[in-house]
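Chemist: Sequence:
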Amino acid sequence: LDRLGAMLAALATATTRGMPAGPGADPASLDGLADAPGAEPLRPIIARLQRAFAQAAAPAIGEGAARPAPPAPPSPWTTLRAQLTPRSAVARHAARIGLAAGLATAATLPWPAGHAYWMTISLILTLQPDVAQTMARAAERTGGTFAGALLGAGIALLLPSPMTMAGVLLPLAATTAALRRVSYGAYVGGATAVIVVLLEVDHPGQAEALRIGLERAGYTLAGGGLALLAAVALWPDWAGERLDPVLRAAVAAHLRYAALGIAERLGEADAATSLSVRREVGATSAEAEALLQRVLLEHVRARTEAFRGALAIDAALRRAGGQIAALRLAEPAGDPAGAAAW
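Be aware that the sequence shown starts at 1, since it is given in the UniProt record's numbering, and climbs by one per residue.
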């Protein structure tokens with residue numbers, strides 16, 4: 001397992017860089033394991049792993065392997081022109097967020113409150129390209145902000161002096177930064193607490209901190225509500241509407257995967273086709289899973305017979321993928337009659 005881990009890491013690095021794998025993924029490095037004492041039961045598995053690594057890493061094993069030049073990136077004008085169309089999700093989201101933020105700013109300009117801009121900032125940070133992501137982000141920001149406002153107000157009320165409040169700020173800010181990749185809601189809560197403490201660091205023990213915290217929480221709630229309204233009303237992008245073609249692509253990829261498994265049993269599959277089909281199955285399955293998670297957030301649209309059917313299709317594809325993988329990893333039939341049956 002240690003040897004496989006190093007080989008998989010080398011293969012993953014090459015894949016993310018869009019380059020062929022180097023000597024670190026050489027299947028010949030497993031030869032010593034097959035000859036080790038007591039490795040007799042593992043030899044068929046090691047041989048199958050060597051074939052899989054040879055397919056995935058070809059043709060760049062060994063020194064002097066040809067490395068194809070990466071494709072030239074498109075020009076900035078070509079990229080921009082491709083997005084300047086109503087069919088572009090990027091263009092629709094840009095128009096949506098620009099219009100919503102402009103209206104929110106115009107509405108808050110006459111307000112006498114000094115922190116009204118918090119509502120616009122909350123709207124911009126909450127509004128996402130599709131409805132499902134916006135709903136998830138709104139829930140995280142609202143819950144995190146309320147918790148952080150109470151935490152920040154408690155710190156400002158209980159600590160006796162500006163120096164003690166300043167001493168708490170460093171660990172609080174460091175913890176908040178560390179939570180960024182762990183939980184967005186926890187990160188927002190920590191950031192809110194830091195802001196409340198910073199605003200009240202010169203006035204420890206005063207009830208003004210509680211007012212500031214509640215004010216920020218209220219503006220965050222209002223901004224989140226406006227973001228949801230904009231996501232639904234301005235060129236909405238429902239994940240459920242994209243589910244059918246994505247599932248169709250996943251089913252087609254699994255059919256090709258099944259054909260590949262049978263072709264490998266017959267010895268008729270080539271390495272390039274095998275690698276391409278397996279990558280397509282992984283990509284389409286991951287896209288379908290991610291889209292189903294987003295549809296789950298769209299509560300109204302999720303409660304349909306079609307969505308329950310989509311969940312059943314996804315579960316069936318997972319089971320089929322496991323069965324096909326078991327077929328591919330099984331030892332080839334040793335007799336001609338068995339091969340002919342396949």
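Just so you know, these hints were derived from the structure itself, not from any lab. We put the beta carbon where it would ideally sit given N, CA and C, even for glycine. Take these hints with a grain of salt, some might be off.
As the list claims (entries may be wrong) - Taking CB as the label site, the calculated pair distances span:
#, residue 1, residue 2, range
1, A325, D244, 25 to 31 Å
2, R180, L329, 35 to 41 Å
3, Q83, L255, 19 to 25 Å
4, T13, A166, 19 to 25 Å
5, A89, R308, 22 to 28 Å
6, R51, G143, 46 to 52 Å
7, T13, A306, 38 to 44 Å
Chemist: Now, for every hint given, state plainly whether the structure supports it.
Modeler: Hint by hint, here is what the structure shows:
no., hint, verdict
1, A325 with D244: 25 to 31 Å, "holds, 26 Å"
2, R180 with L329: 35 to 41 Å, "holds, 40 Å"
3, Q83 with L255: 19 to 25 Å, "violated, 34 Å"
4, T13 with A166: 19 to 25 Å, "violated, 43 Å"
5, A89 with R308: 22 to 28 Å, "holds, 27 Å"
6, R51 with G143: 46 to 52 Å, "holds, 50 Å"
7, T13 with A306: 38 to 44 Å, "holds, 41 Å"
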